[in-house]
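Now for the letters of each chain:
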Amino acid sequence: MPKTNVLAGAALLVALALVPQFVHSDYLLTVIDTAGIYAIVVMGLGILLGFAGQLSLAQAAFLGIGAYTSGWLTTNLGWPVWPSMAAAMLMSALIGLGVGYPCLRLSGHYLALATIGFGIITQLVLINWKSVTNGSDGMTGIPAPQIGSFVFDSYGRYYYIVLVAVLACAYVAWRIKTTRVGRALEAIRENEIAARATGIDATRYKIIAFVLAGAYAGLAGSLLAHMTKFISPDSYSFDQSVVFLVMLIVGGSSSISGAILGAVLLWFLPEVLRPLKASYIMVYGAAVIAMIVFMPRGLVGLLESLRARFTRRPREAA
Amino acid sequence: MHFDPVANLQLLVSGLAFGSIYALVALGFVLIYNAVGVVNFAQGEFVMFPSYVAVTFLLPAIAVFGTVVHWQLPVVGVYLLVLVLMVGFGLLFNRIAYHPLRDRGWMPVVISTIGVSIFLRNAAQLIWGSQPIVMPSLFAVDTISVGPLHIRPQDLLIIGVTAVLIAFQFFLFERTTLGKQMRATAQDRATARLVGVRVGRIVAITFVYSALLGTISGLLVAPLFTVTKEMGALIALKAFAASIVGGFGSIPGAIVGGLAIGVIETFGGFYISSAYVDAIAFVILIGVLLLRPQGLFGERVAEKA
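Chains as they are written, first to last, in the numbering used here: chain A, 1 to 318; chain B, 1001 to 1305.
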């Protein structure tokens, strides 16, 4: 069984690496790249909500902080792209720490609301702190990353940066989930008092989750800024945070593949629905309700139960 | 800046009016939260949607699906029509967004209310377009003079209607069997069911009541702004903040929190910064969450209310 898994993984990797060879529409490539970037944000949210059970509705704000940090460093200070990306990650992680620490006493709806407040304040700052953010006009001329003389200036080339970032983030998330930190977070999610009683430093682990969610969103924000080369405050709204949450829940909140699957599927859903023209977002809303009603454990849960059904039959026959 | 008592009184009236709107919407949040233990993220759409329906029948001509229609009706008829419609809306909302998920914890319900919110906002855009629509005021004049004060009659109407509704709610909860059943359901559903309360029906009634509170806030506030698909979203978020400032789950807390946020925000917008006026509610919220997470009225009151 593990051998087939390795083979399937390798095949998937090759297939993923070949995507830009078969997709030539710039538009479609933008959609694919953005889906990957959103998958990173949603994985970060998955660490916070799925692993640790802490609901944040400020992921879009962290995305914005990453995007603006990276944008400002490259356009105003002339930093190269790669260190700016690292700085964007660090900045969002630090602000994640700053938000996470005072929010530790809160949980459930209270935490959700505090993070909504933080998100709205962040967006207002992006709109009104004109000397740094250029207000609602946004920031333009953000450079594309390059290695040597190779510039990642097309969506097809940028795809590989996104792919590497998604794989790296998925690997880190998987390492976290399967080691001590992940088990501690899971214990906190299931019962914080019991977790504390067994000697888990819940405060420390919850802060780690906040910092990681911030770092993931910061990286994603930076990736988005250097891909689109233009950023403006309205992309980092409360509504966008809600979209990330929906992606995670629909995918399956406590699994990494669920986070990726949810982000990709829900990002593509509006594209698939586009023939419906004006009514497509309305149908999207209805689809979200239908998915949550009919797929209790998300897409991953649905896939698992389908697989169980198909693998059980031969065994029953035998 | 010298102290101007007249200007400050005017600010106070206008702040109390906004605060009343927040208080009504916050009450809607709290009632649903107490009954079913979830925050309804479509609460803002309970304000927005009926406002659109109302302007459709209040204006002499309005474009619906891109076609101009002339469906103007008498004002009282329109208000009644919208209220009746929203009773149906509340029942339907309960059926679709809450009832199928009632045994699955709070997160799925939150997501499905978010789905409803997305659906309604975009349905509104599809039906009525993206241009803001002005709702005609009930009053012939924008402001009236009381001595040196210039006051908007709409503000006074908002404060008056809110006061009546709060008195009605107090009567409902303290003096009627239905209100007592609603309180019992909020306190302990299992026990309420044991003593014969039909919990499912009470929950449905709570959704309807909450939808009606949203409707009334929408009808009251729309003439001051315009009707847009986004009009409910920020009101709802601030009302949510108000209910936490007051002490989540507490009915007096929702009212006091709503009024406080409205007044502080109005003064803050005037004296501190109009650019950051929408941040004020959330700064207060985060401050309260950090210093006194149980809110002004705490959870203890919630158990009694």
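These aren't lab readings, by the way, just hints derived from the structure by calculation. A few of these clues could be false.
[Stated by the list, open to error] Coverage of chain B stretches by chain A, computed from C-beta distances (three or more under 8 Å per stretch; other residues unrestricted):
{"no.": "1", "region": "1060-1074"}
{"no.": "2", "region": "1122-1131"}
{"no.": "3", "region": "1241-1251"}
{"no.": "4", "region": "1270-1280"}
{"no.": "5", "region": "1289-1295"}
[What the hints assert, rightly or not] Listed next, with one range per pair, are the computed distances between beta-carbon atoms:
{"no.": "6", "chain 1": "A", "residue 1": "Ser136", "chain 2": "B", "residue 2": "Phe1267", "range": "19 to 27 Å"}
{"no.": "7", "chain 1": "A", "residue 1": "Ala278", "chain 2": "B", "residue 2": "His1070", "range": "22 to 30 Å"}
{"no.": "8", "chain 1": "A", "residue 1": "Val14", "chain 2": "B", "residue 2": "Leu1085", "range": "50 to 58 Å"}
{"no.": "9", "chain 1": "B", "residue 1": "Gly1287", "chain 2": "A", "residue 2": "Val14", "range": "49 to 57 Å"}
Positions of the beta carbon are idealized from the N, C-alpha and C atoms, including for glycine.
Status of each hint after checking the structure:
1. Given a C-beta distance limit of less than 8 Å, the hint that chain A covers the region 1060-1074 of chain B is violated, as 0 residues qualify and 3 are needed.
2. Under a criterion of three residues with beta carbons nearer than 8 Å to beta carbons of chain A, the stated coverage of the region 1122-1131 of chain B is upheld, 4 such residues being counted.
3. By the rule of at least three residues with a Cβ nearer than 8 Å to a Cβ of chain A, the coverage given for the region 1241-1251 of chain B holds, with 3 such residues.
4. Restraint check on the region 1270-1280 of chain B versus chain A: 4 residues with Cβ-Cβ distances below 8 Å, three needed, restraint holds.
5. Only residues whose beta carbon comes within less than 8 Å of a beta carbon in chain A count, and the region 1289-1295 of chain B has 3; three or more means the coverage holds.
6. About 26 Å separates the C-beta atoms of serine 136 of chain A and phenylalanine 1267 of chain B, a value consistent with the hinted range of 19 to 27 Å.
7. The supplied range of 22 to 30 Å is met by alanine 278 of chain A and histidine 1070 of chain B, whose beta-carbon atoms lie about 24 Å from each other.
8. Look at valine 14 of chain A against leucine 1085 of chain B: about 56 Å separates their beta carbons, and that is inside 50 to 58 Å.
9. Checked against the hint of 49 to 57 Å, the C-beta distance between glycine 1287 of chain B and valine 14 of chain A comes to roughly 54 Å, which is consistent with it.
Checked against the numbered hints above, the structure breaks only hint 1 and satisfies the rest.
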